[in-house]
Amino acid sequence: MRIRNLIVAAVLAAASVPAVAQSVPFASYVSVGDSLTAGYSSGSLVESHQKSSYPALIARQAGIADFQLPWVTEPGIPAELALVQLVPTTVIAPKSSLLGAPRNLALARPYNNLAVPGATVIDAYSDAGAGRLPPASFILRGLGTQVQQAVALRPAFITVWIGNNDVLGAALRGTAIEGVTLTPRAAFRQYYAAVIEDLSRSGARIVAANLPDVTTIPFVTTIPPVVVNPTTRQPVLVGGQPVPLLGPNGPLASNTLVTLGASSLLAQGIGIPRELGGTGSPLPGEVLLDANEVAVIRDVTAADNNAIRDVCAAKSIPVLDANAILRDFAAGNRSVGGIDLDSGFLTGGLFSYDGVHPGDLGYAVLANEWIGLINSSLGANLPVVDLNPFLFRNTASTRGPRGGFEFTREAWEQLLTAFPTVDGR
Amino acid sequence: MLRTRVAPALLALALAAVPTTSHASGFAIFEQGARGMGFAGAFTSQSDPTSIFHNAAGIAFLKGTQLSFGGTLIAPTSDFTGANPFPGEAVTETGDAGVIVPPTFDFTHQFSERLVMGVGVHVPYGLRTRWKNRETTYSGRFISKRAQVQAFSLNPSVAWKVADRFAIGGGLDIRMSTLELDRNVGIINPFTLSAVDVAAVELKGDRATDFGFNLGVLARPSDHLSLGASYRHKVKQAFTGTADFNRLSTGNSQLDALVALTIPAGPVGVATEIEFPSLLSLGASYEWNEWTVAGQVDFHNWSSFDQLPLEFEGRPDLSSVVEENYSNSRIYRLGLERKVGERWALRGGYYYDETPAPAESVSPLLPDADRHGIALGFGFKSGHWSVDVANWYLIFKQRSTEGVNRDNYNGTYDNGAELFAVTVGYGF
Chain A
1 MRIRNLIVAA VLAAASVPAV AQSVPFASYV SVGDSLTAGY SSGSLVESHQ KSSYPALIAR
61 QAGIADFQLP WVTEPGIPAE LALVQLVPTT VIAPKSSLLG APRNLALARP YNNLAVPGAT
121 VIDAYSDAGA GRLPPASFIL RGLGTQVQQA VALRPAFITV WIGNNDVLGA ALRGTAIEGV
181 TLTPRAAFRQ YYAAVIEDLS RSGARIVAAN LPDVTTIPFV TTIPPVVVNP TTRQPVLVGG
241 QPVPLLGPNG PLASNTLVTL GASSLLAQGI GIPRELGGTG SPLPGEVLLD ANEVAVIRDV
301 TAADNNAIRD VCAAKSIPVL DANAILRDFA AGNRSVGGID LDSGFLTGGL FSYDGVHPGD
361 LGYAVLANEW IGLINSSLGA NLPVVDLNPF LFRNTASTRG PRGGFEFTRE AWEQLLTAFP
421 TVDGR
Chain B
1 MLRTRVAPAL LALALAAVPT TSHASGFAIF EQGARGMGFA GAFTSQSDPT SIFHNAAGIA
61 FLKGTQLSFG GTLIAPTSDF TGANPFPGEA VTETGDAGVI VPPTFDFTHQ FSERLVMGVG
121 VHVPYGLRTR WKNRETTYSG RFISKRAQVQ AFSLNPSVAW KVADRFAIGG GLDIRMSTLE
181 LDRNVGIINP FTLSAVDVAA VELKGDRATD FGFNLGVLAR PSDHLSLGAS YRHKVKQAFT
241 GTADFNRLST GNSQLDALVA LTIPAGPVGV ATEIEFPSLL SLGASYEWNE WTVAGQVDFH
301 NWSSFDQLPL EFEGRPDLSS VVEENYSNSR IYRLGLERKV GERWALRGGY YYDETPAPAE
361 SVSPLLPDAD RHGIALGFGF KSGHWSVDVA NWYLIFKQRS TEGVNRDNYN GTYDNGAELF
421 AVTVGYGF
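Each protein sequence line maps, in turn, to chains A and B. So for the first sequence, our numbering puts the first residue at 1; every next one is plus one. So for the second sequence, our numbering puts the first residue at 1; every next one is plus one.
Hints in this document: simulated from the structure, not taken from any laboratory. A hint or two may mislead.
To be verified - Among the chain A residues that face chain B by a calculated CB cut under 10 angstroms, a handful are:
| no. | residue |
| --- | --- |
| 1 | P88 |
| 2 | S202 |
| 3 | S335 |
Bear in mind the structure is a predicted one, so any value in this text is a computation, not a measurement. All C-beta atoms in this analysis are idealised placements derived from N, C-alpha and C, irrespective of residue type, glycine included.
Isolated chain B, as found in the complex (with noise of 0.2 angstroms):
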């Protein structure tokens, strides 16, 4: 019931959205309500409605019927420098991905004493990278002008006290992403002997719609510590779509003669997947007076991302696979809250988090790097009515390619971002 009255709405809210980038290491994205981003995403052994993203069995510990929502205002910055032998050190390079607001969105209710339902709309998963030039002169254009990956998670969930201090929960994650990838194709002009570009490429994967799911655990041994862990399954997704190819003309009417037998004009079918990792979270905190301290270990599983293929309907020419290699990773997270009155938190807190990509899937594409991050926020209640705001500051570590990146594009890549959250709650 509560499905088909609610899912239409949130998955209308979801799709009208603006899409999103990454910021956690990787593609994934932890900015899932302002009150977890104020402890710095330590929040898989508290509760709230967006328990249903960070521990789907913290909902069991919620009264009534909550109502929550928010986006996360982020404005990345990237800056590339090139190194020898190419693009060459001369070469600087500036992205432009915009500011971007992933949504959120979460709905419980409580049926009995021990059973709470909920649904909840998030961003798992994102990406979004874009560079200035990117249609004139930018130097990684071949490899990427522009990537976007949506992954946007409808989870329906359930959780169970089954004790007063102990509950369980679990959700289906019904995953729609799709993905964009825009691209030049250059080839050899042979009057020149030199590089030209000959088509521009935008390629669309059409919206996937996969399933996996979520569990997890919270304990409350005392009135004053929570152990929570929570899963959430890896989910591959396949995407069929199209790319479009648009000639560019190379200035030679014999060169753009010879590519016209070669280069399509129009559209090609294509097919990619992705295999989304999962994500294991281990955390406890610990209440005393007017203070929460919490702290939380994620695993993210990224091996599982380890190629993009592109396949070209009919065109095995044009085909290629994007070797990504990933590796697990962690993420170390602390956050602390001190409530102020009846009304007011104040919280702060840091994470690390190491990214997953070697030194040779390091690219336009993906520009990934380690981070910290610190995190600021506060919380105001009154009546049925909350508002949680937090600010994520996020120091990146340069990152270099080491001369070894797969497509022969080194450099260093210097990347910033700050993020700004807002989210609404109303409890009845």
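Next up, chain A with everything else stripped away, as it sits in the complex (with noise of 0.2 angstroms):
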């Protein structure tokens, strides 16, 4: 119906002044990226949140009938992460210790939505390595990179948001070193003109997006580097001071950033002084960020965003300020209806139990940014996402209490397995 409209315009438009801006014929669009493109979301790829990726938004808006995603059945590969308990103690795990399958291996030609979650830019243009991200084989299928596949399928129109997984791996691993943990700028900006060089010579119009800070996200920002009443949930004070938690060196300093990858270690009294009840041994340097090593995320991330900057100008191709957007969420600036949305866990609304994807409100939010900088960019006029039933939805789900710590040991070792480091190939 809409994709007619569009259709009848487009002649309309041709036939009375050909100089009008032409609309984008959405009929054959391709999604190239990682897992924020494949919607991934809490720890999984599952078909219930694949259908609220943002290309899956975009192309519904759009009246696409045929946009093709590599549909994984529940519970996801892997496990999808649920919220078993919130009290007395918040526990976060895999809610199956089975994973789904890949339900439509049989298309016969490449899927819309191309991106495979764990990619880097060089895997978006190389195959060298692609066996150290296990859905490429459920998704690529060995037919070529993501932007070989892109091209194959001769798209009119291409959205990219490739780089994430180049900077995300520090936050994830709270390491920083350029070249293990970071894809090295000069690297970063060498392949991804590459990949926006293959997209354009397809001839399709292309929108890309920029990194946003993963020093912002909830699986960093959560919880805080001084030890926490678990009843609670507010600092331990002691002489009116709240208690530094315990690293490698010493107390933390207090602009720390300690992991969600941290929690399950607390619970059994790691980083915890011994007068609070703790082991007194200290938290381990992989569950922490320390103020230079957000520095040189940040240092990289704005390097590798004016390489996006630089490549897409020389091509005309619009950039979506994905950096800002995730600042606005986590500055708490998306709030609608009376409800407060931010970046916080579990109750700002806007990421998934994860902590580092956004959840299907989150994604749905996301899909209105791209939705209007294609209509201001594109000269297109797609109708945003109506976000009501992604804030109102009456699923509730409760179960028994039981014990355990807050972010799992099998949460975090599902997140960093997912998500290698950029030096694996």
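Two independent chains are provided; combine them into the complex using the hints.
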């Protein structure tokens, strides 16, 4: 229906005034990217969230009927994380020990959403090291790289949001080393240019997005660097002062970020001084980001975003400022209808249970940002997504209390496996 | 003497009256007497006991002792259609303000050929918005389920006829106001990552009493022509009161336990303030045989209504500031009267009222819009008695939030109202 309207509008526009901004033929739309484009949510790729991936929502708003995704059945690959218990201790763990299965493998052409969770900019361009990303086997199916398959579909429109995994690993691993957990900036620029060059050759209209600051995501902002009373959830005060957690170099500085990976360790008393009932042993560096590491991540992100800006500007490709959008999320500027939304873990409404990826509502808000840019820069007129069904749905799920940790070790390891280091190829 | 005898009775009358709604733009109310309403409110250059509201100088021309009282029956309607992204095109909501009756009461007494004093009770500012299904599914319930502002003005006034054709007047504006605001608190349910109601808050600002003043001049340069100007000063009112929090079960005991750590149960002290704007009216009227025509422009200094702070005692986390950022607005009025015999008068008029609310402030709390007003009325006099009746039919322009509402609650409001006023006068 909507497609027909678009086509009619396009025909009328073409017939009357040739100079009018042409509407984008969305019938052949391909998305290239990583987990954020795949619709990865709560540590999992699963169809219930893939359908809220921003490319799927853009396609729906554009009225595209045949937008194919590499659907994965419940409980997802890997199994989706769930909030098992909220009080007295918050427990997040995989909801099953089983795995889902791909269910669209027989499609006789590349998928429209080609995004591979874990993919770096090099992975999008090159086959080398593809084996380190297990989902590639059922998304790319040995038919070539994301870029090759995207071009093979002869699309009229492409979105590309790649590069997040070139910085994310540093936050997940609490270690910021260019060449190990961060792609060297020169290599990033080179491969990003190569990706855009090849996609451009397809003749498609392209819209890109830059990289958010991963030091603002709940995975690294939720746990304060001080001892917290598990009952009141407020910092323990001794002599009126909060008590720092212990790291490899002694008490943590107040600007140290503690990742969700520390949660299962804290539950065992690791990182908590003996006087407060802990073991007195330090948290390992792999669950901490000190001020220097944060600075390195931000510096590399800024350099990568400059590369994205320069490469896209040379091809007149509009760039979605995902960095600013995620900053807005963190600042709580995305509240709707009197409900406060922010980047807070569990209660902020925008992020999923892995603390790294958006939930359905977060993806819908992102989809509207993409649609806004597509409309303004390409002269399209896609309607924005109705957030009401995402904000209000009554699927209350409760489970009985169970002993356990906040962000379980399984949950953490599942993330580390899905997002390997950039030097692993 | 006058004040001590009359004021307590007037006050009792006023406070017993049913609350009111906003029927000039913003939350101003111009329905102050059916005779003036017959002229579509173009009454600054004329004279009857309700001049205590319209132009204090007007009472200088009243003989003997005059008493006037009445009310305006107001039946407002409001329909809302949502827009994407929120609350979505599928959402429609309906207002439920009911029928409301703001009162007027005026009393004047001529002490000498030149001196007339009086007292009036009016509701110069007021607001009531209320939405259907507000306790259940109403999509704006986290912004405002019900809002009510009542500003009573007890207005002792004095007017002096400087010359036969020229009078000045003024009044003390004793403003007694209350404010109520009901809404729900919603949070994200961590189990569903979607929104859930956790508390219903009833906020009540206790009666605040503050003082303003009003001034006016009325000139009758010829037997036919009258020129009037009046000014009512702004009044800033600070309210203190309580916000009653009633927790609502989410259906999940774990979440309820967590909510209990952050959302209070019971009353919390609350403070807020509103600066009610000043109003300047300039008008002229011309009488020719049985005809009177009157025109007027009102300048409403709404820019003083810039924000509505809500400060919860000891709970800065719950406190907020509702930005309003109103701009100054004008109202244009034109009215006509034809006398029929000694006893009857027929009236009609039109006004155009500009909304002071920017698109971002158009909300369930106050979905303001430009409006056209069409007035019809008549008057009847017999001996000491007079009766005036007026009907206003308001045609509101559709008002879209243009996608920029501050709470990201966007859509289009379609308002309407019919008003019916009766004022009874008695002259001694």
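Now the hints, each set against the structure:
1. A least Cβ separation of about 8 angstroms between A/P88 and chain B falls short of the 10 angstroms threshold, and the interface hint therefore holds.
2. Because the smallest distance between the Cβ of A/S202 and any Cβ of chain B comes to about 31 angstroms, over 10 angstroms, the interface hint for this residue is violated.
3. With a cut of 10 angstroms, the hint placing A/S335 at the interface with chain B holds, because the nearest CB-to-CB distance is about 7 angstroms.
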